[in-house]
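Visitor: Start from the sequences and build out the full structure, keeping to the hints where you can.
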Amino acid sequence: MELLRTDRITKSYQDRTIVRDISIHLEKQELISLLGLSGSGKTTILNIMSGLVQPDSGKVFLEDRDITGQPGQISYMLQKDLMLPHKRVIDNVALPLVIAGMGKKEAREKADPYFARFDLEGTQMLYPSQMSGGMRQRAALLRTYLSSRGVILLDEPFSALDMITREQLHAWYLDIMAEMKLSTILITHDADEAIKLSDRIYILAGSPGEIRHEFRIDVPRDERKEFNVTPEFAAWKRQIRDALRESAE
Amino acid sequence: MKEKSASIRDKLLPAATFAGIIALWWILSATEIVPGYMLPSPPAVAEAFIRDFPNLMEHAAVTLKEAIYGLLIGTALAFGLACAMDRFLNLEKAVLPVLVTTQTIPTIAIAPLLVLWMGFGMAPKIVLVVITTFFPIAVGLLDGFKSADPDAIALLRSMKATRGQIFRHVKIPAALPYFFSGLRISASYAVVGAVISEWLGGFEGLGVYMTRVRKAYAFDKMFAVILLIVIVSLLLMKAVNLLKTVSMPWLKYAPETAGQHG
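Chains as they are written, first to last, in the working numbering: chain A, 1 to 249; chain B, 250 to 511.
Hints may be right or wrong, so weigh each one.
To be verified - Just some of the chain A residues that point at chain B, by a computed CB distance under 7 Å:
#1 S50
#2 L52
#3 V53
#4 P71
#5 G72
#6 Y76
#7 L78
#8 P85
#9 H86
#10 P96
#11 I99
#12 Y127
#13 S129
#14 Q130
#15 S147
Hint data in this document are derived by calculation from the structure and do not stem from the laboratory.
None of the values given here were measured: they were computed from a predicted structure.
For each residue, glycine too, the CB sits at the ideal point set by N, CA and C.
Guide: Have a look at this one:
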């Protein structure tokens, strides 16, 4: 079933059109990627979907409800982990609950049980500066999860991590997505990451950015973890690289 | 091990400089290169300090009271104005240049006016301290609010946070290091400000006492007062540092940023 849909979104800043006629959709428990080169307007699209920015034209629908320009409907994880340095990890994670009006103590109690599942047990009372990059990213994901109504927007969340940590997080995210029945839109410039994780990939290219291609990667979730070392993966990569290259010209 | 010896060195170096200055002073007065009636020797100052101690404490209590009241009121006003300027950009545009201009007016020129307007009691002293301490705190806070990470603000907005929630969870914590830098400068101004305003009229306080002993040419007592003013100022700055450590407990886990604004 169609969960989130954008209908011909266009946005300009100071006479420069950043993205044009972006129509994409996300189904329940699906992971889709917006794959694009730098400057193709990926983040603008996420800002519009999350309600932070109003599009010039076009609309965003969540379960057929118009949510254009309304923040707080879907949860958004930005590029940086954005753990607030002055809050303990548990208060960082519980922040969306506090923002929604819950008391601090109650919010902590509600967030606490998730720590184990997010491989964060024992970090509750630490400050973010005491954690590794991978841990901070998982904590940021948990915070995103706690602010979510099932739809999660991720803006290059894994790009700042080393390869091993990134692979671990990929595997972990696929598990957690299945378990928590999440639906995800991932923004990335990394074709490998997009192919490995996505059910579908939209190629965003040009200036203004437009959707140029759509690929469906038909690989079951449980085969994903080792997918990137198969010949099939290499074939996908060639196809997507060609698409990117062609759109860049 | 290396870190430890470095921290010992960091403490020893300034201590050695102070010792050197005092030694030089001692030599100058002991050899009578500078005559004793102009510059009393360190032991003479120490003796005056000890002999005069109860008297000094009494006056110091008054000065400290003025400094702290002034500092508290100055901080409260600075906080209010900085918040308002952060909220309303036009207010900042209208008020900030005026604030900067007022900083060029010499304190010593306003102090006698304040005495004329408000009399010889505590009020003109406190007002002068408010005037001198207000600015570094207000500007520090304003810079601090602006230093808040726009992405963190976007994150809270995406959670549908209100303006007040963004202020409380992002802007105020971001401004704390700046606030404490300003407060520390203001704390050192506060004591000096109180003393200056006491010079110009009053019944008690270190400034009043200083004027009195100067008129009696009791230079050893005069130096003892100066010494006490230095000690009080340093203690007040130390207290601000302590307050900073207590209110920002996360800093001790981030050594690479701990000293950034300290």
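Visitor: Name the hints, by number, that the structure is in violation of.
Guide: 3
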